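J.: What follows is each chain in one-letter form.
There are 2 protein chains.
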Amino acid sequence: MQRAIEHELDLKSLFPLSATSSATFHIADFGCSIGPTTFMSVQNIIEAVNHNNNQASTTKLPLEFQVSFNDQTNNDFNTLFRSLPAHRHDNYFAAGVPGSFYGRLFPTSSLHLGSISSSLHWISRVPGELTAAGRRDSIQCTGLDEDVARAYSGQFTRDMEAFFDARAEELVSGGLLAISALCLPAGAVLAQTGLGMIFDLLGACLVDLAELGLISEEKLKSFYLPMYYPQAEELEASITKKRCFSIRKLVKMAPPSPEKSQKLIQTSASQIRAVSEAIIKQHFKTITPDSVDLIFERLKEKLAENMHAITSPTTLHHLEVFILAKRL
Amino acid sequence: MQRAIEHELDLKSLFPLSATSSATFHIADFGCSIGPTTFMSVQNIIEAVNHNNNQASTTKLPLEFQVSFNDQTNNDFNTLFRSLPAHRHDNYFAAGVPGSFYGRLFPTSSLHLGSISSSLHWISRVPGELTAAGRRDSIQCTGLDEDVARAYSGQFTRDMEAFFDARAEELVSGGLLAISALCLPAGAVLAQTGLGMIFDLLGACLVDLAELGLISEEKLKSFYLPMYYPQAEELEASITKKRCFSIRKLVKMAPPSPEKSQKLIQTSASQIRAVSEAIIKQHFKTITPDSVDLIFERLKEKLAENMHAITSPTTLHHLEVFILAKRL
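Chains as they are written, first to last, in the numbering used here: chain A, 1 to 328; chain B, 1 to 328.
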């Protein structure tokens, strides 16, 4: 990301009038969440912009940085604000911006660089046709059921259009969008991947709880995860569709293969709980705290039982796809 | 405020290049707190700016509004964000900016209008010489002790310099600062006012609790409220001192005289608790919740006993001073 930003950023054309007076470089982190990685990502971007500015053949611009941290309104901004680096003012001015990134969040032509990391697979809603039809075999888009896949893919396409339309309005001409996204390996479906298997185990835990009478069978039928992992090509097509962005850099990275270990079980269970607990509670409104705990206890058991399949050499892994797009 | 903004705002000079492309008008509310009045104040400002834009003799500017809500980092921004008007996007883009307004919060020349209401009497800290010397007769600057008054006044002067220096850097030339502040009536000291009397009753409650052994005598000696009510002239002098701002409008309003009633006792006790409870808890670290409740129960009793004096025709009342200042 740093090298791509350093290479593609043209500060002179972004700030044609600011050779002497101060210029504010506005960065937005979409889906920032909370925690140390939130600030590390921003720090990397600022270092890249400063590096680019220092290397400029002509005068160095007197840059100041405004950083806007965006996430859903129910993100814990209080904790985010209390964990902001203490001496950030030497470096950047910080703001929190609540709201869905599938809509407008900033004024027209007010952003110079947007960043979004591991967030675009969270679609804005479960496709309406799925909740109406009732559940089939899975709580997710495994790729094995064509109707389900079509519904998910359609929602993803609409969401990406909304995302890139909004960003096209917010970014200045020449502004950059740095995207890190989890994508499926070419031609693969989610069911073939380790992550898909793990989420299907979560689905099996919910079936267990329904059989124990701890959650409603009826409610389970309409439970789907609002999550869709595209092929890299689907994401690329969404970016360039309206001819507002051009892709300047695209790198597909294979994450390291998981080790089969007790630690992996604990880590996976914690990560799955972190991203799914709120969704489960919201859907199964009357679920007790004990039942929620039981879901993730069962998940650990099922992960242990299925560790062999999840870590098998024939199991596929997600790609981490990095894309740097430029607003035309 | 609306009339003053409509009269003094010169949109054409703020946005000389934006006759056709979009222009973002950036408003900041300093010390925004949370609750409906936070949004009402911003709405009033936006209406004034729109009115000014609609009245323009030449082309109307295509304005968008960015509103930044600032308060201390320990303000409850989660609640603020969850209570933002649902359809604000039709009207403005919202952000939260955590941090003390006695320092820089925004990039250089990035604000068009700042607003601060009933917040400037909260000084940044209790003057160091007072906590070192130990308390005399009051938990506040009654104005009756010259040394105490000098210490408070010195801190206020330093804080105002920090506030107006920061705003001078953040506001564009021609930008406006709308200030509503509580000030003392000319020549009066706090001890002569109803508000001063009420806060002295709070001090008497703390003395009661120390005598009951519920809070430390030693801790009580170093307890002062970080609060200073200036004469309007002190505030005016701070604004114009560095010649960065000129005062375009100044209105002194007398608030309606309080009625002597049970309701007044309840309201006063609630308001005093709202502004002082966190300060008391932070200072008397080991105080129990029951003791905190007892303070404000006692306050109600003392308010009832002293209602005659507080509402007496000879008791003075604070002025609400509105000032519109322009960044030169």
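Note that these hints are calculated values from the structure, not bench results. Among the hints, erroneous ones may be present.
If several chains are the same, the list does not tell them apart, and a pair holds so long as it fits within one copy or across any two.
Cross-link-like lysine to aspartate or glutamate pairs, in silico, DMTMM-like; alpha carbons within 25 Å at most [claimed, not checked]:
| id | residue 1 | residue 2 |
| --- | --- | --- |
| 1 | LYS300 | GLU234 |
| 2 | LYS263 | ASP145 |
| 3 | LYS60 | GLU169 |
| 4 | LYS252 | GLU277 |
| 5 | LYS326 | GLU64 |
| 6 | LYS242 | GLU64 |
| 7 | LYS60 | GLU146 |
| 8 | LYS60 | GLU129 |
| 9 | LYS219 | GLU234 |
| 10 | LYS242 | ASP90 |
| 11 | LYS12 | GLU277 |
Small disclaimer: the values here were computed from a predicted structure and weren't measured.
J.: Which numbered hints does this structure break?
T.: 1, 2, 4, 7, 8, 9 and 11
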